[in-house]
Structures are given as C-alpha cells and as structure tokens.
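Enquirer: Listed below are the residues making up each chain.
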Amino acid sequence: MADANPGERPLSPHLSIYRPQLTSITSILTRITGLSLLLGAVLTVWWLLAAAISPDYYAVANGAITSMPGDLIMTLSLWALWYHYLAGLRHLYFDAGKGLDVATAEKLGWAVIIGSVVLTILTLFIV
Amino acid sequence: MRYLTDRKRAEGRGAAHTGTSHHWYMQVSGFGLALIVPTFLFIFGRALGSSHAEVLETFSRPVPAIIAGLVLLVGMQHFRKGAQTAIEDYTKKSTRKALIMFVTAFSYGLTATGLYALAKIAL
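Protein chains in written order, with the working numbering: chain Y, 3 to 129; chain E, 520 to 642.
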C-alpha cells in the first residue's frame, strides 16, 4: 500500500497460530508435492537426455532410475503427481466458488488422499 | 497523509503486484496439464526400464514426442510460477529475488535440456 508500513508485517501462512485440519493439511501437501516433483522431473529429463546421447549413457541412467532407491523416488513421485493432480482439480472447483462448505471440503480432502493412492496403484499395475 | 482511497491503494497490488494474472496462468496451465499428464504417464511408464532401442522407437513417434515436449514445457512453467508463489509466501527482499531468479533459470534450463533430448531422438 502506498503509505502503509511495509516493514514488519507477518508473511502468510500464519502457521504458528493455525490449528491443523484436514483441509489445511491437504492444501499444504499440494504445495509440498508440487515442489517435490522437481526431483522426478530432473530424473526424467536426465533419463531422456541419456537415451538421446548414447546406449552406454542410457544404461547408466536407466540403471540408476530402476534401481531400488530410484524405484522408490519414482514411485513416490508418481504418488506426488497424482496427489497434485487431484488437489489441483479440487482447487479449480474451489476457485469456481463451489464445494467450500466444511462438510464438502472435508469429503473432497479425503477423496484427494484416497484417490491419489488408488490412482498410483492403478498406474503401477497398468503401466 | 496522502489522500488515497482504499481502492486506489489496492489496485494493481497483491503479493506479486501483478493482480490475478499469475493465478490465472496457474489455472489455465493446470487444466492443460490435467489433459495430457495421464497420457504422458502411460507413454513414459511403458518406456521406463525398456531397452535403448525401444526408447528411441517410442520417442521418435509423433504423439509420444509431442506429448512429452508439451508436458515438459507447460509443466516446468507451471512449476516455475508455483515455486515463485511459495518463495513469495516465505521469503523477503534479496533472498526472495535471488530464489525467484534461480528457480526461473533452473526451470528454463531443464526445459531446454529435455527439449534438446526429445529433438535429438525424434528428428
């Protein structure tokens, strides 16, 4: 604001005075999963670049990504992607001004959590 | 005391001083990603762990190459702007600026790397 004090105003969100609820936790998880997906993106681009460069380099990248730790990271990234996907759709629904009463918002929260696990397992089976 | 109305003070402001355009971009790119990400997961998931020849064969076909390129391009822009919002929420001043610059540079760098790989395989 033009003549307001820009100095010591608190930054959002005010976590220290906020009681955790399903709706707030599912919202925070949206951000955490979104940011974490960078790791999956970097590994995927590395794998693609390796494939473009040479068969030997591809063997290295593919071996790393399909190793035990690699598998774990990619599986968690898959869950993060589905979680972020469903939570993002929920945000679009909220932004349309719908589903904002507490009962519906909590139902949607559970739908995002359960849905993301189900879709992750389905993807692992199908792909 | 400057004689400004509350409305005049608020206009064009908001956390990033760009009104709602940032949020609108996230909604549009999020919708676009929702359309193509499931197909990408299917293509990438099938290719992951397969032989080198199979990967080259997959991404030299038009649909997998185009979908992968789009997911990378739009996905990294969506990431860049989402990460920027998170940075703006938790940091101030020089730290904020430095982090936004870093995330922006990194996002474009990763996009360019991935597009180079896709182009090399597809063409």
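No wet-lab data here; the hints were simulated from the structure. Positions of the beta carbon are idealized from the N, C-alpha and C atoms, including for glycine. Take the hints with a grain of salt, since some may be wrong.
Simulated crosslink set (DMTMM-like; lysine to aspartate or glutamate; CA at most 25 Å straight-line) [stated by the list, open to error]:
id	chain 1	residue 1	chain 2	residue 2
1	E	K639	Y	D58
2	E	K639	E	E530
3	E	K612	E	E530
4	E	K600	E	D525
5	E	K600	Y	D97
6	E	K527	E	E607
Distance ranges between label pairs, derived from CB positions [said to hold, decoys possible]:
id	chain 1	residue 1	chain 2	residue 2	range
7	E	M620	Y	I27	54 to 60 Å
8	Y	K100	E	E576	41 to 47 Å
9	E	E576	Y	E108	46 to 52 Å
10	Y	I123	E	L523	17 to 23 Å
11	E	T610	Y	R21	23 to 29 Å
12	Y	V120	E	I585	24 to 30 Å
13	E	P557	Y	Y95	32 to 38 Å
14	E	A605	Y	I19	39 to 45 Å
Enquirer: Decide, hint by hint, whether the structure agrees.
Expert: Hints and how they fare:
1. K639/E with D58/Y: Distance of about 16 Å is within 25 Å: holds.
2. K639/E with E530/E: 47 Å, violated
3. K612/E with E530/E: Distance ~22 Å between K612/E and E530/E Cα, so the pair holds.
4. K600/E with D525/E: Between K600/E and D525/E the Cα gap is close to 28 Å, so the pair fails against 25 Å, i.e. violated.
5. K600/E with D97/Y: At roughly 18 Å apart (the allowed maximum being 25 Å), D97/Y and K600/E satisfy the hint.
6. K527/E with E607/E: OK: K527/E and E607/E at ~23 Å, within 25 Å.
7. M620/E with I27/Y: 54 to 60 Å: 31 Å, violated
8. K100/Y with E576/E: 41 to 47 Å: 45 Å, holds
9. E576/E with E108/Y: 46 to 52 Å: 47 Å, holds
10. I123/Y with L523/E: 17 to 23 Å: Hint violated: Cβ distance 56 Å, outside 17 to 23 Å.
11. T610/E with R21/Y: 23 to 29 Å: 25 Å, holds
12. V120/Y with I585/E: 24 to 30 Å: 29 Å, holds
13. P557/E with Y95/Y: 32 to 38 Å: Violated - the Cβ-Cβ distance for P557/E and Y95/Y, about 18 Å, lies outside 32 to 38 Å.
14. A605/E with I19/Y: 39 to 45 Å: 20 Å, violated
The structure is inconsistent with the numbered hints 2, 4, 7, 10, 13 and 14, although it conforms to all the rest.
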